[in-house]
Structures are given as structure tokens and as C-alpha cells.
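J.: One line per chain: the protein sequences are A and B, in this order. For the first sequence, the working numbering assigns the number 589 to the initial residue and increments by one for each residue that follows. For the second sequence, the working numbering assigns the number 11 to the initial residue and increments by one for each residue that follows.
Simulated from the structure, these hints should not be mistaken for laboratory data. Among the hints, erroneous ones may be present.
Stretch-level coverage of chain B by chain A, calculated; a stretch enters the list once three of its residues show a Cβ under 8 Å from a Cβ in chain A [claimed, not checked]:
#	region
1	254-267
2	389-398
3	550-560
We treat Cβ as the ideally placed atom computed from N, Cα and C, and that holds for glycine.
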Amino acid sequence: MRNTIIFGFLLLSTLTFTVGCDKVETPLPEPAVLNLNDSITFPPVDSANLNRGFKKTYVEEFTGHKCTTCPANTKLLLAQLALNKDRMIVTSVHAGSFAEVDDFGGYPTDFNTPYGTLLFQNFTNALTPIPSAIINRRSFDNFNNLMIFNNATTFWTDPINFENSNTSADIALGVEADFIDSLDLFYIQVSAEALNDLTSTYRLLVLCVEDSIVAPQLDSEADESIYPHKIVTDYTHRHVLRGKLNSDQSIAGDPFISETISSGEWLDYKLNAEMPANVLNKENTTIVAVIVNEITGEVIQSEETHVHVVE
Amino acid sequence: MKFTNLNLGLITLFSFTSIIVSAQDGNLLDGVQIHGNFDLYAQQYNKDSIIGAPIVPEKSGVNAFTNLIATKGKFSAGVRLESYIPPVQGFDPRFGDETIGVPFRYASFKQDGLEITVGNFYEQFGNGMILRSYEERGLGLDNAFDGARVRYSPVQGLYIKGLIGNQRFYWQKSDGIVRAFDGEVQFNELISKWNESALRVSIGGSFVSKFQSGGTSSLDLPENVGGGAARFQMNYKDFSLMGEYAYKENDPTKSNHYIYKSGEGFFASATYSRRGFGINISAKSIDNMEFRSDREAGFNDLFINYLPALSRQHTYSLAATLYPYATQPNGEIGLQGDLIYKIKKGSKIGGKYGTTIQLNVSLINSHDREYYADQDPDAAVELLDQQVYIPEDQSRKGYKANLFNIGNEVYYRDYNIEIDRKFNKNFKLKGTFAFQEYNIELIQNKASTNVLARIWVLEGLNKLSKKHSIRWEAQQLTTGQDQGDWVFGLIEYGYSPHWIVTVLNQYNYGNKNKDLRVNYPTAQVTYIHNANRLSLSYGRQRAGIFCVGGVCRNVPAANGITLAITSSF
Chain A
589 MRNTIIFGFL LLSTLTFTVG CDKVETPLPE PAVLNLNDSI TFPPVDSANL
639 NRGFKKTYVE EFTGHKCTTC PANTKLLLAQ LALNKDRMIV TSVHAGSFAE
689 VDDFGGYPTD FNTPYGTLLF QNFTNALTPI PSAIINRRSF DNFNNLMIFN
739 NATTFWTDPI NFENSNTSAD IALGVEADFI DSLDLFYIQV SAEALNDLTS
789 TYRLLVLCVE DSIVAPQLDS EADESIYPHK IVTDYTHRHV LRGKLNSDQS
839 IAGDPFISET ISSGEWLDYK LNAEMPANVL NKENTTIVAV IVNEITGEVI
889 QSEETHVHVV E
Chain B
11 MKFTNLNLGL ITLFSFTSII VSAQDGNLLD GVQIHGNFDL YAQQYNKDSI
61 IGAPIVPEKS GVNAFTNLIA TKGKFSAGVR LESYIPPVQG FDPRFGDETI
111 GVPFRYASFK QDGLEITVGN FYEQFGNGMI LRSYEERGLG LDNAFDGARV
161 RYSPVQGLYI KGLIGNQRFY WQKSDGIVRA FDGEVQFNEL ISKWNESALR
211 VSIGGSFVSK FQSGGTSSLD LPENVGGGAA RFQMNYKDFS LMGEYAYKEN
261 DPTKSNHYIY KSGEGFFASA TYSRRGFGIN ISAKSIDNME FRSDREAGFN
311 DLFINYLPAL SRQHTYSLAA TLYPYATQPN GEIGLQGDLI YKIKKGSKIG
361 GKYGTTIQLN VSLINSHDRE YYADQDPDAA VELLDQQVYI PEDQSRKGYK
411 ANLFNIGNEV YYRDYNIEID RKFNKNFKLK GTFAFQEYNI ELIQNKASTN
461 VLARIWVLEG LNKLSKKHSI RWEAQQLTTG QDQGDWVFGL IEYGYSPHWI
511 VTVLNQYNYG NKNKDLRVNY PTAQVTYIHN ANRLSLSYGR QRAGIFCVGG
561 VCRNVPAANG ITLAITSSF
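Chain A extracted, bound-state conformation (with noise of 0.2 Å):
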């Protein structure tokens, strides 16, 4: 018995040593050499048209191809879309558990980033049903001071009704972007204009978005004789998030406005960046350009641009 116990002891002496540590020598890999072209010039944000007149409506969807209802909710979001495009800009999030790649159930296609990721895990927890979403990432207090809006709470159709409906903003902001696919590189420039004396600190986020993949999806709505399982095979998933081209790894991006501001003053902001790796088509791709109130975690103002090619 004793011989036992004393066997035990040294088995778990000896497993604890060796599970017991992981060294790790390089935390974050060396980022990869851009091999800029300087004959390339950074595309110009054209002042004249800045949008000065509002603040965008910039909705972060939260979404996963196992969603049943999500199909549904986002045909309302697009239906407010069209009826909005000047004045919202969506993107659609997918994480969490609805968003896990399932070979075996049919939902091959991983929509997962690690910046959609980190944004979910920040703004929801176990409890927050999907889809849901945040709208300039700021709380209404004339929505029961909620920030994240799903079925099981407000709907979100109101709230982006009363966002889209203000008539001021502290900055105006304008998002060129080319792709030069011989360099496989971006040349993004952002370029805003602050309209009020601003006292705080911003980040501006710089975000690939694809349009129109076509991959499976739940949808509860589906016609079970065409979709078995009511997995629509060809569903156009919209406005799906691909990466954050920033490389700070905060979720409101790098830092852009750091001392006071006065009314007025113009920004510029040049970014070389790789095309994410999960991007499929290229020529659907769109940069959108997101300023946050570092101290609030508000957005500010969002702007968004096609991306042009350049073969």
C-alpha cells in the first residue's frame, strides 16, 4: 500500500513537471515586409465630398452560418440598408458557437476572424442571444440604455431608425482604397476633417469587408423540399467582415486623434496592408474606415469605400 501511494505521488510529481510549463519564444511573429512601391501614390480623399451633414449608422451584425434566424433578420437589415445606403454601413460579425466550422454538418466555409472574435467576446456574453447587433457601439438611453439589440430585447430596426435620423457630426471622414494586385498590397488613405473642437482621444479601425459569398447557411425560412435540413446551400452571406487591417490589436484600431482638436483641422492617414488570406474575390471587397472614441468606445463617424483594383 504505502509503495502504492508512494508510486501515485511520483507519477503525479512527474506528470505535473512535465504538462506543467509552455516556453514561449516568440509571442507575435515578426509582421511580414511590405514590399512597398514609392512610384505608387496613396489614392486622394477628394474634401469636397466628405460627408459633413451626419453622423453614418455603423451596425456591427453579429452572425454565424448556424444561426437558423439570422436569415431573416438580416433581409430586414439590408431592406433598411437599401432604403439608407447613404447613411448606414453594415458588417457582418461571424462568431461565437453558430459560427463554428462543421464539415460533417455541412457548414464547411469559416467565416471566423480574429478580430470578429475579439469584438464579439467584448460586446456579448454566454446569454446574449444571436443574431444580435451594436449600432455605433453605443448605448440609447431611449432604448432602455441597451447597447447590444437582438429579438429577445428591442429589436434593432428602431434604434437604427432614430441613429440614421441625426442631422450632425464632430468629424467628416472619406476612405479611398486601391488593391495593387502586382504587390498584393492596399494603399488605403483616410482623410478627415474635424467640424467641432474635439478634446478626446480617437482610433480610427481600417476593416476588409467581402460581399456576396456564396456559402451554406441555416435559415429557418427555407423550403425543406429544396434545402434539406433547411441548409441553403447557396446562400449570399452580405457584408461579411474579413479582417482588421490595422495592425494594433485594439478593438477600435490605431490611435488618430490624441490632443485636442479644433474645428477645421484636416487628417490624413495612410495604410499598406495585405488582402486577408480569406478573402475569395477580391474585386467584392470593401474598406471600411471607423473612427472610436477611445474613452467612450463610441463611434463617432464610419465611412466605407470599394476597393479598386489595379492590375
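Model the placement of chain B on the given structure of chain A, informed by the hints.
T.: Below, chain B without anything else, positioned relative to chain A:
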């Protein structure tokens, strides 16, 4: 992960008694002993904006605890019920996630040097520098393990322990799993020839590992983080010496800005003590030694280890709660000296009953650090927080530091002297003076230069008769920083053995803001009967910090009634 509920705890206790019942013949409950204790702390809150007392919608808070332990022969089992309706102000509101529940339950068996515990348990290896789980109710700290532990002593003098479990996180459990192993050899017990030796020697060693999933961070986080410690202790007649060295592998956490530097800690203490004289010198240096079972945890949550404090635990109100030092687990180096000398009774200076003098000095500084990312530490930390690739620090070690290189930043100084003298059978006087330098920016996050405080305390005890006594305290703290000068006065009437009536007041007479020159009067009645103690007080509670062993919590200002009941059986 939901923590155990009330039913589960009670099931443990009742299962245990059922096992005893079914396993025995005759009168099955013979010999079963049930003991435990009860502890209740309740506060009622009134609005008092001048002292900054927060408005409490419930207007009251109650923390209550009951331990029930059943033992019979080789078996024991226990539960602790806790109730927060809602938590008393100053305790983490997450305690209020459940109004009542059983966060602690266990069953244990002991035979022939082998002890097995399943359920919740506390444990400490050596000084605790690599592992210590404990409960400090006054701090709202409870990092008990929930899992299994085996202790075994195959021969006299050899002690081994192994454990695995998750730690308590309010009403839940930590995501991280802790696995640990410890061995200790007491040579004087192991070697029969040394049994009677004046030289007593022991050595010990531990290894602790935690597992936590790496999640989705862009950093390659180590999911298994290991650490170890080695220690020794020797006593020879009036002299004793002990030391411990602890090491921890790369453990990026929120608190250390996700650096991959290993952690180190060293603690040594030498004591010489004989009748009427004692001296102790302790030294400590710790660097990046915060070890928690969840890398995102903050405050006092989910610590696996405990870093011994090198500052005196003051008991007088102004010295204890205005500028108490909190151990800085990410790095500090310190030295403490204690000297106690009793001047002989009957001597000219010592007087008829003798006089005791106690000197204490604590010196704690930063380490000398050199950051890789930037010469300016703040800029370097900002870069680390952004979690970007840093060419100058590709392995994210953060900084270079030697465990014994003292930095220029003073964290804490405390020079104090205490003289205690009994003048006659009915009168005793104790005088204390302390000079403290306190890095309030580091410890309390208040923008200020270091606080320099002088504290005088005089305490007297007058025995009026066999049953009646008066104890009084007069304290003053003077400082040019923070809230300025304070005075404190207390009178306590004792009617032995049951009653104590106390009246006290503290006054912030030196506050630069005249509106905040506020009195904090309190009156308290305490009744003691055998193992029961009940106290009721009414008054203002000053905002401050409450620390035990270098671990602290904030105490908010309050105005109202406080009720405290303790009882054991």
C-alpha cells in the same frame, strides 16, 4: 462555470453523516462531533454627502457566514454557508450575485499518514510565495481550491502533498486549473540520531502549474504556466534562519502588460530571541511574481500565491487605515527590521514592572528596470499594452531587472518606536511614534508626491477596580500631503466580563479644503458572553484602506449603524 449551490453543500454534509450511519453498527451517530461558528456583519447606511458616503439604494448590507464541520474518527466533512443581502459596502458587488449559497464544502479522510480531501480546501506551500490559498473575510478574499488534495507522510519527517483544482471566484470558479506538488523533509524527525539535536533543519520544494486556454488573443499565450520554489529553515537554540526562492516561467497577464519575462522572488528572515530581547531582520525582493489562475484577473482575485508583507501591521486607526502599504507583486525590494527589548523590572529605567521598547523599520523600493521598447517606462508600457510587434523586444520580455538592484523610487518607509510601561497595578501606558513615507500614487492611484506622515499615539489603561476599567487612545497624524492632519480620540469603558462601551472620534482638522474638515464620531456597545460576541455601533466611518498582510481593500465612507455578531460552538 457555476459554483456549487446550497443544495450541493448540504448534500455533502448529509451524505457524510449518511455514510457514517450506514457503515456502522449500533448507535451510528455515536462519536460524531459537530462544531462550527457563525459570523454576521451588517451595516445600515444614511445619506452623508460631506464624507462622500455613497448612496446605497437598499440602505443596508449584510455579510453572514456559518461554518458547520462534522467529524468522526478518520472522517470529517464541512460546509460554509455565505449570505450577502446585499454585500456590505466595500466588498465586491459580485458577492451579491447570490443572496445565499454554499461556496465551500468538503469531505476528508485521514489514515496512517495519508489524508485525502475532496471538495474545497485551503493550502500553503512554504511562505506561500508559489502557492497559498486562504480566506481573509475582512478583505473579501477567498481563493479556496475546489478539487482534490492528497497529503502523505510515508515516514516520520517526510511530508508530501499534491493537489489539483479550480479556485473560487466569488460564486463561480476560475477557468484556470491549478496543479501543484510539494515535498518537505524535517531532518530532525527523519534521522533518529538528530531527534534531540539543538540544530533543527528542514528543506522543502514545490512545483505549481496552472492551465488556462489561450483564447483568441493575437499573442501566443502559454496555456500551461509553471513555477517552483525551494526553501529551508534552521533553528539553533535562540537563533533561527529561513529562506525561500521562487521562480515562475513566462506568464503574460493583464496586470504585467502581457510580458513574457519570467518571475522571481526571494524572501529571507533571521531571528534571534531570548528572554526580554528579540531581533528580526527580513529581506524580500520580488519581480513579476503575480501568479493568478486567470491571466485577466485583477484586484485580489484568483491569486495562486501570496507574497509576504514586509511592513508592520499597525493596529492604531490612523496608522493602520490611512497609509497602509500594499505589496506590489509586479516588483519591489525591501528590508524590515524589528527589535524588542524589555528593560528589566526593578531597574531604574525599567521601573517596578519593566518597560518594553519595540523598534521597527520597513524600507521598500522599486527595482532598477530597463525597458527594451523605450527608455521611458510609460512609453514602453504603452507599446506593450498595444500588443504590437516590438522589434527591440521580439520576445516581449518587457524589461531587464536584477532581483537585487534597488531602484530610485521609494514605495514605502516606516520608522516606528513603541514604548510600553506598566506604572502600577492599575495603570499602563503605551506610546508610539511612527514616521511614514508612502507612495500614494502607486498604491492608491492618487496624483501626488509621496506622503510624509508623522503619527503619535498614546494609549492608557486604567483599572478602576477588579471589574471596571477605562482604556483610552489619543492619536495625531500630521502631513502636508493628501488630506492633511488628523486627530483621533477614544475612550473605552470595560465592565468585565460582559460589557465594553466605546466612544471615539476622528477629525480631519488639517484638510486644505475647509469643507472637508469633518468629524467622524462613533459610539459602540459590545457584549461578550462565552463564545458569543455582539457589538452595535453608530457613527461615521471614514473612507480608507484596510490591509491584512500587505493585501488591501478600499473601505468606503459610511454613516449609520453597524452590527457585528460572532459565535462559535
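J.: Could you work out which earlier hints the structure fails to respect and list their numbers in ascending sequence?
T.: 3
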